[in-house]
Structures are given as C-alpha cells and as structure tokens.
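Asker: Chains as they are written, first to last, in the working numbering: chain F, 1440 to 1550; chain L, 1284 to 1397.
Incorrect hints may appear among the rest.
To be verified - Not close to chain F: a few residues of chain L, all C-beta gaps over 12 angstroms, as computed:
#, residue
1, Val-1287
2, Leu-1329
3, Gln-1386
To be verified - The calculated lysine to any residue pairs, modelled on SDA-like cross-linking and capped at a C-alpha distance of 25 angstroms, are:
#, chain 1, residue 1, chain 2, residue 2
4, L, Lys-1381, F, Tyr-1471
5, L, Lys-1325, L, Thr-1358
6, F, Lys-1481, L, Ser-1337
7, F, Lys-1496, L, Glu-1385
8, F, Lys-1481, L, Asp-1371
9, F, Lys-1481, L, Pro-1390
10, F, Lys-1476, L, Ser-1301
11, L, Lys-1325, F, Thr-1508
12, F, Lys-1481, L, Lys-1338
13, F, Lys-1496, L, Ala-1285
14, L, Lys-1325, F, Asn-1442
15, F, Lys-1496, L, Val-1345
16, F, Lys-1481, L, Asp-1348
17, F, Lys-1481, L, Gly-1336
18, L, Lys-1381, F, Gly-1535
19, F, Lys-1476, L, Ser-1372
20, F, Lys-1497, F, Gly-1440
21, F, Lys-1476, L, Lys-1381
Derived from the structure by calculation, the hints contain no laboratory data. These numbers were taken from a predicted model, which means no experiment stands behind them. All residues carry an ideal CB built from backbone N, CA and C; glycine is no exception.
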Amino acid sequence: GENVEQHPSTLSVQEGDSAVIKCTYSDSASNYFPWYKQELGKRPQLIIDIRSNVGEKKDQRIAVTLNKTAKHFSLHITETQPEDSAVYFCAASSDGNQFYFGTGTSLTVIP
Amino acid sequence: GAVVSQHPSRVICKSGTSVKIECRSLDFQATTMFWYRQFPKKSLMLMATSNEGSKATYEQGVEKDKFLINHASLTLSTLTVTSAHPEDSSFYICSAYKGIYEQYFGPGTRLTVT
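Next up, chain F with everything else stripped away, as it sits in the complex:
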C-alpha cells in the first residue's frame, strides 16, 4: 500500500516569513495530492490540492509543488499569519477515493 511521510513534524516561523512542509510518497500510481489544515479539535479542511498532470498550483498565499519523478510534493505558505497556526496534513491517492495521510506538521506562527 501507499506510505506517505511528512516533514517536519513541528515548525515555528515568525509572522510574515514563509513556511514549507514536505511530503514523500511510495506508490507511483498516486496521482492526487491534497493538503488539509486541522485546527485543534476540529475537522480537517482541504486547503489546496494538486493532480499529477501539473507541477505547481497556487492559491493566494498557498502553493503546492509536485515532483513525480522523485515522488515528493511540498506545501508553501508565504507571508504567514498567526491564523495559519494549525496542523497540516498531506495525503496521496491513486483513485481519488482512498486517501493515505502523512503524519502531520504542527505549524506555529509567532506574532
């Protein structure tokens, strides 16, 4: 089955700086890579996703890059704000149905 690894597990940045979270996957059949943000005690919310036919996708301050050859993808948050503080999960799926999640990154943005 798919194995998704995520780094770092914790990340602290100063407000206004950028944050980068990286994930690797093992199944070359995976073709869909969503990122979720989960605030404490709440449900994960999809923030951005990318499919294997593109290498980069951007939505305002959030961007995701994908390197299919190396089987890794990254989340980039620019101009971080305190409200960006949360746990972020990457995931991979080969059929758009079953998702396999990374281990999560706890991001803290220091005002």
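Using the hints, position chain L against chain F.
Answerer: Relative to chain F, chain L alone:
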C-alpha cells in the same frame, strides 16, 4: 462544499460497554464513507471503508469484530466500538465520498473510555 455531521461529538463510557458513533452526509448521498482514528498530535489512520449495502473493508490491523461498521443508507454510516477499553480512547473522524477527489470530513467524535 458539502456537510458531514457526526454524533455524538463527545462520549464518555465505562470499560466493557459499547458505543455507537453516527456519520451523516447532510446534503448529498454517499455510497462510500471512511472511518479514521486520530491519536493526539498524530495523523489520521484509516480504519475502514464503509460501503452502502455491503460489508465494510477494514485496513490491516483493525479488528472488525471490535469496530463494527454499518452503512445502512446513502446518508448514514455507524461505527460501534464494542466492549470498549481505555486503549480505545481516541478521536474518531468519518469522511464521506461525494465524488472522485471529493471527500468531506465530519467534525469528529472524542471517545473516552474510563
């Protein structure tokens, strides 16, 4: 987006009792729902795939007699933790599959077994 609810949001039960958690898709029909377990500061672990009208598919290492899943309608899946023990205490989250690449999470249920 779409709305998925879970009930209850929190439950405390005594060791040896059974607890049922409901997952509902409120504004769409979901032939497939998923159940996840999340430990503190840990990732979401897929427990099982719940298919309407058929048996659930369990991930390796998940006891199907311990975690009973019933997907009796297109909008409701239930997870019953049978003979609960303290080690079953966790945050359980469901998600509902609206379409390919579209999965919406419920708010989660905090289970505490005393």
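Asker: Does each hint fit the structure? Answer for all of them.
Answerer: To see whether the hints hold, each was checked on the structure:
1. Under the 12 angstroms C-beta cut-off, the non-interface status given to Val-1287 (chain L) relative to chain F is violated; the minimum distance is some 8 angstroms.
2. Not every C-beta of chain F lies more than 12 angstroms from that of Leu-1329 (chain L), the closest at about 7 angstroms, which undercuts listing it as non-interface.
3. With a least CB separation of 6 angstroms from chain F, Gln-1386 (chain L) falls inside the 12 angstroms interface cut-off, contrary to its annotation.
4. At roughly 16 angstroms between alpha-carbon atoms, Lys-1381 (chain L) and Tyr-1471 (chain F) fall within 25 angstroms of each other, so this suggested pair holds.
5. In summary, the hint linking Lys-1325 (chain L) to Thr-1358 (chain L) is not supported, as the alpha carbons are separated by about 28 angstroms, beyond the 25 angstroms threshold.
6. Between Lys-1481 (chain F) and Ser-1337 (chain L), the direct Cα distance comes to roughly 30 angstroms. Violation of the 25 angstroms bound is thereby established for this hinted pair.
7. At most 25 angstroms may separate the alpha-carbon atoms for a hinted pair to count; Lys-1496 (chain F) and Glu-1385 (chain L) meet this at roughly 18 angstroms.
8. For a cut-off of 25 angstroms, the pair hint linking Lys-1481 (chain F) to Asp-1371 (chain L) stands: about 20 angstroms separates their Cα positions.
9. Proposed proximity of Lys-1481 (chain F) and Pro-1390 (chain L) is supported: the alpha carbons are some 6 angstroms apart, at most 25 angstroms.
10. For the proposed pair Lys-1476 (chain F) and Ser-1301 (chain L), the alpha carbon gap of about 31 angstroms is over 25 angstroms, so the pair is violated.
11. About 28 angstroms separates the Cα atoms of Lys-1325 (chain L) and Thr-1508 (chain F), which puts this hinted pair outside 25 angstroms; it is violated.
12. With a CA separation close to 29 angstroms, the supplied pair Lys-1481 (chain F) and Lys-1338 (chain L) exceeds the 25 angstroms bound.
13. Restraint check for Lys-1496 (chain F) and Ala-1285 (chain L): satisfied, since their Cα atoms lie roughly 23 angstroms apart, inside the 25 angstroms limit.
14. For a cut-off of 25 angstroms, the pair hint linking Lys-1325 (chain L) to Asn-1442 (chain F) stands: about 15 angstroms separates their Cα positions.
15. For the proposed pair Lys-1496 (chain F) and Val-1345 (chain L), the alpha carbon gap of about 36 angstroms is over 25 angstroms, so the pair is violated.
16. A threshold of 25 angstroms between alpha carbons decides the hint, and for Lys-1481 (chain F) with Asp-1348 (chain L) the separation of about 28 angstroms lies outside it, so the pair is violated.
17. Proximity of Lys-1481 (chain F) to Gly-1336 (chain L) is assessed by CA-CA distance (about 29 angstroms); at most 25 angstroms being required, the pair is judged violated.
18. The straight-line distance between the Cα atoms of Lys-1381 (chain L) and Gly-1535 (chain F) is roughly 11 angstroms, inside the 25 angstroms bound, and the hint therefore holds.
19. Our distance criterion of 25 angstroms between C-alpha atoms is met by Lys-1476 (chain F) and Ser-1372 (chain L), whose separation comes to about 23 angstroms.
20. For the proposed pair Lys-1497 (chain F) and Gly-1440 (chain F), the alpha carbon gap of about 29 angstroms is over 25 angstroms, so the pair is violated.
21. With a CA separation close to 20 angstroms, the supplied pair Lys-1476 (chain F) and Lys-1381 (chain L) stays within the 25 angstroms bound.
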